[in-house]
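Peer 1: Once you have looked at the hints, place chain B on chain A.
Going down the list, the protein sequences come from chains A and B.
Residue numbers 1 to 388, in full-length UniProt numbering, belong to the letters of the first sequence in order.
Residue numbers 1 to 388, in full-length UniProt numbering, belong to the letters of the second sequence in order.
Everything labelled a hint here was simulated from the structure, so no lab data went into it.
Because the structure is a prediction, the values reported are computed rather than measured.
Take the hints with a grain of salt, since some may be wrong.
Copies of one chain are not kept apart here, so a pair can be met inside one copy or by any two copies together.
No farther apart than 30 angstroms at their CA atoms in a straight line, the calculated lysine-lysine pairs in the BS3-like style are these [said to hold, decoys possible]:
hint : residue 1 : residue 2
1    : K273      : K373
2    : K373      : K320
3    : K214      : K150
4    : K11       : K214
Listed below are the residues making up each chain.
There are 2 protein chains.
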Amino acid sequence: MAFSERVSRLKSSLIREILAAAQRPEVMSFAGGLPAEAMLPKVEWADMPLAMGQYGMSEGEPALREALAAEARALGVPCEASQVLVVSGSQQTLDLAAKLYIDKGTEIMLEAPTYLAALQIFQLFGADCLTVPLEADGPNLNELRARLEKHHPAFIYLIPTFQNPSAVRYSEAKRDAVAALLDEFGVTLIEDEPYRELTFDGGSATPIVSRLKKASWIYTGTVSKTLLPGLRVGYLIASPDLFPHLLRLKQSADLHTNRVGQWQALQWIGSEKFRDHLSELRDFYRVRRDAFQLALETHFCDLAEWNVPQGGLFFWLTLKQPLDTRTLLNEALAQDVAFMPGEPFFSEPDNNPGHLRLNFSHIDPARLDEGLKRLAGVVRQAQAAQAA
Amino acid sequence: MAFSERVSRLKSSLIREILAAAQRPEVMSFAGGLPAEAMLPKVEWADMPLAMGQYGMSEGEPALREALAAEARALGVPCEASQVLVVSGSQQTLDLAAKLYIDKGTEIMLEAPTYLAALQIFQLFGADCLTVPLEADGPNLNELRARLEKHHPAFIYLIPTFQNPSAVRYSEAKRDAVAALLDEFGVTLIEDEPYRELTFDGGSATPIVSRLKKASWIYTGTVSKTLLPGLRVGYLIASPDLFPHLLRLKQSADLHTNRVGQWQALQWIGSEKFRDHLSELRDFYRVRRDAFQLALETHFCDLAEWNVPQGGLFFWLTLKQPLDTRTLLNEALAQDVAFMPGEPFFSEPDNNPGHLRLNFSHIDPARLDEGLKRLAGVVRQAQAAQAA
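Looking at chain A on its own, in the form it has when it is part of the complex (with noise of 0.2 angstroms):
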């Protein structure tokens, strides 16, 4: 059998195979990222014009376009319809942005640690990952500028906002400065924003790529975590060198996306209905949120340290007692727990133990404190097999 060189990296999804083995109901899951059921809106499609079942445009529908560029403007990105591709779920920015750029060997540089399936597709194309730590606020500075000086990459990846899996925000100043070094170095810019609207606190900060000069960007963003993920409606908004690629890119990779679902999210982007939406979904998440530091503080304070997120769907936990977290998914699992080991979202994990990933947003609060009592339990019983 022939396959493509690139096949050898084809990695074997931890987080897919972690989700089917919670797919048992009576399995307490910390693992995905997947919004609370009961916060799915409801949504009309008695008004669809049957015209939206024909062949559309690869770049999407005219006035969701639109509407996405306007939400961009507000937010200080500054650009037009013209520079909106609507995507299949922003992952399919991802695929695109590899499609562009790697090639075997291709430097590219991202967050330590980062999304894993960024990671993925990007290894999958064969990219030489560079990475810069993060801290509480951000990356370190220091750092990104040491990596720059020595390297050229095809783009850096960015989430600053509730990062995942860190749940870490950057602050004003790093923005600033990310984006000056970004400028000064001539580097790309992919911005992925998922969880922006998901803040519990109030706070707001503009995206870097408003905040570039010169480089080069795409920024993406979703319905996926505020309206519905089954829609598989995304979005990139490209600086205009790299929005024609982007396009037939695009084209060849699916045609268009489902209009369907971008009929719904116009439906929605914008309107008052969707602003309570948020709202309503902002006050729900940080209830649970705030239950969920509550039953850490009572089972993990021991174990572990955390940043309480201001955003986002994740806690981020490090170990005090470091130790490989996915040697804890069989205990785990076998005690009807699941949860998101850290090592992945790193290039190098063998070097990155000792963190998880744990989701707030949809677990049965009832069983929230059960859940973690238990996986406190798998903890402490594999720090103590391992000091014994």
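Peer 2: Just chain B now, with coordinates in the frame of chain A:
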């Protein structure tokens, strides 16, 4: 700007440009492959469960996979639901296959002519394209054997039923012979069947994959030509050795196919309602085909040769005096007529002048005659200029 090496092979899509030019309402377009708007069935959404809004499985909806497997088995394809992957339109199957097989310089085999967008994505990934000429009943078998004796392509890509662009339907004998050759030489088959259901003479022949005894295979289909292209719901069925790789590639491409479209497709696949709709669709397109044939006889009988298509959406004309039909485009558009030049359907366009692909499903019947008359005029004028 340091793009990937593959971007140097990223072509502008001629068909996109033509379709964009043909947006003016006064244009009579034979260019696209769009279903007739009048035949898009009215669909209901009221019963869709809210849970379809949540993230879904990368494989696709379990019930839809079962239904698609049952349909495929009824066609003679030996498969289980576990071999079915729901994709974002069957174009995505080509993207996944390209990722699975093609490095720069990988030899693959295709029909000449073949589906334009397949050629584009395979070439984007760097494929070296071997071709086998099509005859009225399928590929030239001597040429196919000769190629296979000299080369070992990673796969062969075939569209045996109402091929786009040529409308060719392989005979039973050629289907058997092709299957035997692929088994003999151990070549993987990718069989693309978007037009299977659009048969006008009631004829049917089992897919080639159902005749294979040893070779690996991917069979791909879609609801785009029979239900609604705007759903972006297609599927692939793969031999078990290939499936796990394709599944991981699907996940990295866009996580999963939109669930609302999958739910809608499931309301139709295998139902009485769908069978009735397909029957109406065949009757409708047969009438359009017949009207087109009449108009062609009037305007093109001295200019070109063609076979009357027994299915699908296209006439494939071969000019008696070949010329590069791409040179006709501007003049045709100036006369408000759009068509698809034949050259881009060949891996070596410049060596294959003198074909036109004409879509008969989408043109307003009232303007059909005028459109073909003008197009014939453009051809005549160019041939006179060439002779002068």
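Peer 1: Work down the list of hints and note, for each, if the structure agrees.
Peer 2: Verification of the hints:
In this homomeric assembly, K273 and K373 never come within 30 angstroms of each other (Cα to Cα): the closest approach is 39 angstroms inside a single copy and 53 angstroms across copies. In this homomeric assembly, K373 and K320 come within 30 angstroms of each other (Cα to Cα) only inside a single copy, at 17 angstroms, whereas the closest approach across copies is 80 angstroms. For the homomeric pair K214 and K150, the shortest alpha-carbon distance inside one copy (20 angstroms) is at most 30 angstroms, but the shortest distance between copies (52 angstroms) is not. Proximity of K11 and K214 under a CA criterion of 30 angstroms is satisfied inter-copy only: 27 angstroms between copies versus 36 angstroms inside one chain copy.
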